[in-house]
Amino acid sequence: MLAARVALRLGTLDLDVTIDAAPGEIVAVLGPNGAGKSTFLRAVAGLVPLDRGRVEVDAVVLEDVALRIHLPPERRPIGVVFQDYLLFPHLSALENVAFGLRARGVAARDARVRAGSWLDRLGLSEHANARPGALSGGQAQKVALARALAIDPRVLLLDEPLAALDASARGSVRRDLKRHLASFAGVRIVITHDPLEALALADRLVILEGGRVIQTGSPAAVTQRPRSRYIADLVGVNLLRGTSAAGQVAVAGGASLQSADAVDGEVFAVIHPRAVALHRARPEGSPRNVWRGRTSALDYQGDRVRVGVEGEMPIIAEVTPAAVRELDLAEGGEIWVSVKATEITVYPA
Amino acid sequence: MLAARVALRLGTLDLDVTIDAAPGEIVAVLGPNGAGKSTFLRAVAGLVPLDRGRVEVDAVVLEDVALRIHLPPERRPIGVVFQDYLLFPHLSALENVAFGLRARGVAARDARVRAGSWLDRLGLSEHANARPGALSGGQAQKVALARALAIDPRVLLLDEPLAALDASARGSVRRDLKRHLASFAGVRIVITHDPLEALALADRLVILEGGRVIQTGSPAAVTQRPRSRYIADLVGVNLLRGTSAAGQVAVAGGASLQSADAVDGEVFAVIHPRAVALHRARPEGSPRNVWRGRTSALDYQGDRVRVGVEGEMPIIAEVTPAAVRELDLAEGGEIWVSVKATEITVYPA
Amino acid sequence: AEPNPTGTPQIKDINVFAAASLTDAFTRVYDEYAKSNARVRFIFNFGSSSTLATQITNGAPADLFASADQANMQKIVDAMLTDGTPTAFATNRLEIAVLPGNPKKISSLADLARSDVILVLAAPTVPAGKYALEALSKTGVSAKPQSQEVDVRAVLNKVSLGEADAGIVYVTDVKSAGGRVTGVAIPEEQQVLARYPIAVVKSSKNAELAHGFMDYVLSPAGQNVLAEFGFSKP
Amino acid sequence: MRSERPPALFVALAAVGVAFFVLPLVGLVSRASWQTALGDLTSPEALTALRLSLVVSLAATALALLLGVPLAWIYARVPFRGRDVIRALTTLPMILPPVVGGVALLFAFGRRGLVGQALDAMFGIRIPFTTAGAILAATFVAMPFLVLTVESGLRSMDRRYEDAARTLGAGRWLVFRRVTLPLIAPSVFAGAVLCWARALGEFGATITFAGNLPGTTQTLPLAVYIALETRPEVAIMLSLVLLGVSLFILIAMRDRYLRGV
Amino acid sequence: MRSERPPALFVALAAVGVAFFVLPLVGLVSRASWQTALGDLTSPEALTALRLSLVVSLAATALALLLGVPLAWIYARVPFRGRDVIRALTTLPMILPPVVGGVALLFAFGRRGLVGQALDAMFGIRIPFTTAGAILAATFVAMPFLVLTVESGLRSMDRRYEDAARTLGAGRWLVFRRVTLPLIAPSVFAGAVLCWARALGEFGATITFAGNLPGTTQTLPLAVYIALETRPEVAIMLSLVLLGVSLFILIAMRDRYLRGV
Ligand SMILES: Nc1ncnc2c1ncn2[C@@H]1O[C@H](COP(=O)(O)OP(=O)(O)OP(=O)(O)O)[C@@H](O)[C@H]1O
Ligand SMILES: Nc1ncnc2c1ncn2[C@@H]1O[C@H](COP(=O)(O)OP(=O)(O)OP(=O)(O)O)[C@@H](O)[C@H]1O
Ligand SMILES: [Mg+2]
Ligand SMILES: [Mg+2]
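For the record, the sequence lines run as chains Y, X, P, L and F.
Read left to right, the first sequence gives residues 1 to 349 (the working numbering).
Read left to right, the second sequence gives residues 1001 to 1349 (the working numbering).
Read left to right, the third sequence gives residues 2001 to 2234 (the working numbering).
Read left to right, the fourth sequence gives residues 3001 to 3261 (the working numbering).
Read left to right, the fifth sequence gives residues 4001 to 4261 (the working numbering).
So here's chain Y without its partners, still in its complex pose (with noise of 0.2 Å):
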């Protein structure tokens, strides 16, 4: 169990974050660029000391700035995987293992012996002598894991586990990385700013900005309702912010749009780009929310292609290439925009 409220001024950064996590929970911390995130993470760990708050681990409190407690970093129970792994590199991958056992008094010979078991686990038992500049990334990324799980923590924090890896790396690492975090009991915490290493990693998600937590929640509950436009942009949905009343919810720059779902006052809609149809005259039929813009930009992502309209009410639709050729879309061209209103998830602000 982790229960942690991080307060701090750090330069321009101003945090103050309350994260509890339970055992056997995987909570990702998700932000952009100066969040906040590695910054808190380096306060639980104890290498940054708080101005206000309290950490504490299965009851036991390793800081609290009121009872003036701070535990030092080298004798707090969490395991850290840094961003860069920093694999010390005058050690070999088994060195970089045995150094917490030996920080802890391990005699020199048992704590190879662990290490090495560490390293067998998680299948680099035949790199143990390499240096981490002989590792590749993925590699290094094991080792930096087998080094933070070697002094059986109660707690591991990861920063960015994923970020030094090519993208083509990326997706296998992350499944080996997900099989592993899932074989070790405590409290596992991950920070990112890629949504799709949060989605596949965590049971919940924590959204950081600015040094505030902004929304938490499972990973459905957040990218089905996001609270603010980066997690919007990040799960690829339009989200507007209005006043709902009666099923009519107004948007900011006098545009209306009809909802199926009745919540009243400040809202958020969120609309996903897959349900914004687009034709090239004004559509007859159902659709309840129909409006008319220009397309402002056409991006191609595989076998579907992105398209921005902008007008009074400026969103983004998803369509098939062959839609693309059908319309005849061209950037700057006329269209109109269609939205069902069964299509518009309406949930307070």
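If you're looking for bench data, these hints aren't it; they were derived computationally from the structure.
Note that this is a predicted model, so its numbers are computed, not measured.
Among these hints, one or two may not hold up.
Unchecked claim - Covered stretches of chain L (in silico footprint by chain X; criterion: 3 or more residues with CB under 8 Å from a CB of chain X, positions within the stretch not fixed): (1) 3152-3163; (2) 3170-3183.
Claimed, not checked - Which chain P residues stay away from chain F? Per the calculated CB distances, all over 10 Å, these: (3) Lys2012; (4) Tyr2033; (5) Thr2085; (6) Ala2088; (7) Ser2108; (8) Arg2114; (9) Lys2138; (10) Gly2183; (11) Gln2190; (12) Lys2205.
All C-beta atoms in this analysis are idealised placements derived from N, C-alpha and C, irrespective of residue type, glycine included.
Starting from the structure of chain Y, add chains X, P, L and F with the ligands where the hints point.
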């Protein structure tokens, strides 16, 4: 028009690449880390001498090893947007853009006016006097683009123009970049290892691996008929290699697939994960390819889940989260796999 | 001396601080002296007289101090660090050092004022420089040196390396330089005598032995050795 | 920068280290006779020496910049056979006893020296005993500081900026002037300051090669040495001036010379 | 490393620069009398001086490491009021005329000095005119080279490695020994070599503070100075030995001292 054959050795890299591009064409050079992409770009720009080969722009020979011609970089009609942009940190945005004009002998005042109009065009006039350190990633990229375009080049080379950006900023910067690239009339070569970027920006893809071109073609052709693991992984499809005879493809490992495509000889077979169906029990009915496996990894990706299946024919399937619940999928569980013959694309290797 | 475990008599170290111009002479004097005094080992610290004086006034473990001039010896006397009054043990005379073969045909102090002669002297603050100026003024010559070297050895080096055509140094310097310079004698009426005083340092733990060596320097045997190096009687 | 609570052993050892350096300086200050200080420092000899020291050290720095920056550039950029040996040769004066350096300078540029002989015979130029000689001596011992610092700056700069400038149409000279030099400016500055400070304190090579004539070659350190013979209190005062100037430079530079070096 | 065709002006200036350094050394070599070289170098005096030089310079380097590494660590890691001033004070000996340094050392550690007096009175320890004094003098002038180099190494190292070590359970001392020190080893090595080389060539502070006692404080540079008077050919030979040793060090180090400095 650009016609380049670049052959050279540098460290462990053995590069031999021929790329031709018509005026107005946007070519994306895609490849994993260390493939030699940047080296190719540097060679075309004249920053690395060739061992063999020839570089020609609009029928003017810039370099020809056999003829002992080597125009230095400053005399090539080539603009380069470097990875990390490399804006001169001691000069303002305006001075950065004016640099090339000044170097070409344009009078100071004139150069400033013309640089200013370039910044205008890219919507950066407010930031004309800002030092690069004070610009955001997207702004810096635009200044780098303006700087490269200001010298009125015939060929524009861009090295990973989006790599330096935060994931959440990438989408909008990519759309802007695409618009600005469209307004340049010459050859544009974009180097990247991000398939989304390549697909979004380019008319034609060139895939580089280990210093060699392994595939080239339109985005659609390359994604539909990948010729290497690297591309298949990037595009997210299953790629198998085998020998085909009479619609029966014998793949490595002993298994065999039925395909509707009739190609004989050495072939590639592509199966989209979406076309891979999973079943608790052996399915009855039309699918001709049915085999048994064991789920190895579940990879949640927003509204889809990628399921790795191990067995005699390892494959990745894409299903909905609902299907995962229904099938009660767990890692290591037994599962039946079926693929319709019509969903298997087979083409000569 | 207490007997030491091996039974052989213990060797005493005596520190002699001596002006650099005494380097060769004192080394030889000691060689002679040692023939009859095996129990004593002399350690020489050669340097410029003023450096040595600074060192002694700052507590250097000197037993014996031989200075090239009175002024620096006076500093020790003033600091009340001498054991007994200093005794002059030698004098040195000035000589003009010129390039071997005397290419500039310099024959007297008056020639040093010629515009085609590059002259170097020791700085007026060091003994050799002070004496040189005295000699020149006695002669009524106003020669302009190109450099005021920090010590007389530097003057000699400038001449022997050919940088300067002439310099005023001690007779002993010309002698020790061998063939690297030629000496042009200065007539007696223009001469300035440099007196070398020697004294035992008060804090010496071996004052007796130090006095013994001092006596040897002043003895005919010692004086003969000094004369070999060009020193005159005090 | 993050700070850290220092281990006691380190503090103790570092304190001994600091004391070791500071005590001698305190010793100097404690022996100074402040009553006569003003008179000692404003005497014509002291002022002449100070002025000459400034001229010589600044000229030496200028000469070192002129010759040293190209040299550093070649060391950093042009691999050639024997580069390590040549670089070591040109670094030697940093650690050679300056008096030996002065003798070596005489052998090269003295009246009988390898080059000096020709200079004298052909142009009637003689370097020893002139201010030019003092400048050469100071340059000889101080320039390696500049060369090393600038070379290290050149090696650690991101050369891709130069590539970018070339693709923009700048020739090598323009690239050097408008891109390389501004980018390594901190190193050049730091190197020049170190070089200046070393030139200001130069003694052994100057006295051996250039001699000691007030107004021509007697710089402040030489004046200190000469005064040490007869008027130690003046020597101490002059040393303190020298020390003060150097200290001022080093403090004004703060982390600069660190970053550069 | 990429090479580049150097601009002619640079080559010309750099060539002048190299000539300026190399000619004096050639001058030294050309004046050496090779016939008597063997005898000169293997004379008991020369061998004694050489042995003493090695002992003194190595001991000075060891002392500088002991005091200098913690000092550099504090400079790099602990911001405190007056740090810039203290650092400048401890850097001064690098540029102070060594003779002044020697006088200052006498004022501090001489028998009448600030500390020396107490040492003498309480423990009967006297430092000047002992080999220990020569070691102190060499340390005084050479240690700043080590401190600067190690500080710069500490500042440029990636401190996150230390964080990683701490989260693994290592206390500060273990982190320093097992992570920091190995990571900055190149800087420490480079600093130690520069320090050693400087200590090997030390002259002015040694002769002033420690005197010139053969076998006790007469190191090679002092022997050179003394020999210059009467036997210049021996002096030149000894200088060449000194020069050769230094050159060997600098070449053996190649880019090391560059990277470190
Ligand atoms: N040591 C420091 N000194 C001053 N400011 C700091 C320091 N460390 C962090 N900051 C500030 O905190 C902000 C957040 O830093 P942090 O590394 O925690 O962000 P992050 O969310 O991890 O970002 P990224 O995704 O780029 O890793 C930085 O933008 C910076 O302004
Ligand atoms: N100056 C050099 N010296 C030695 N080897 C080099 C040099 N430059 C490049 N290489 C070699 O060429 C390989 C390819 O480098 P290059 O930068 O062209 O790859 P890339 O495809 O751009 O990779 P990335 O996606 O990481 O930018 C490197 O892995 C390296 O081995
Ligand atoms: Mg971070
Ligand atoms: Mg690249």
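Evaluation of the provided hints:
no. : hint      : verdict
1   : 3152-3163 : holds (count 4)
2   : 3170-3183 : holds (count 7)
3   : Lys2012   : holds, 15 Å
4   : Tyr2033   : holds, 17 Å
5   : Thr2085   : holds, 23 Å
6   : Ala2088   : holds, 23 Å
7   : Ser2108   : holds, 27 Å
8   : Arg2114   : holds, 27 Å
9   : Lys2138   : holds, 28 Å
10  : Gly2183   : holds, 15 Å
11  : Gln2190   : holds, 26 Å
12  : Lys2205   : holds, 12 Å
In summary, this structure violates none of the numbered hints.
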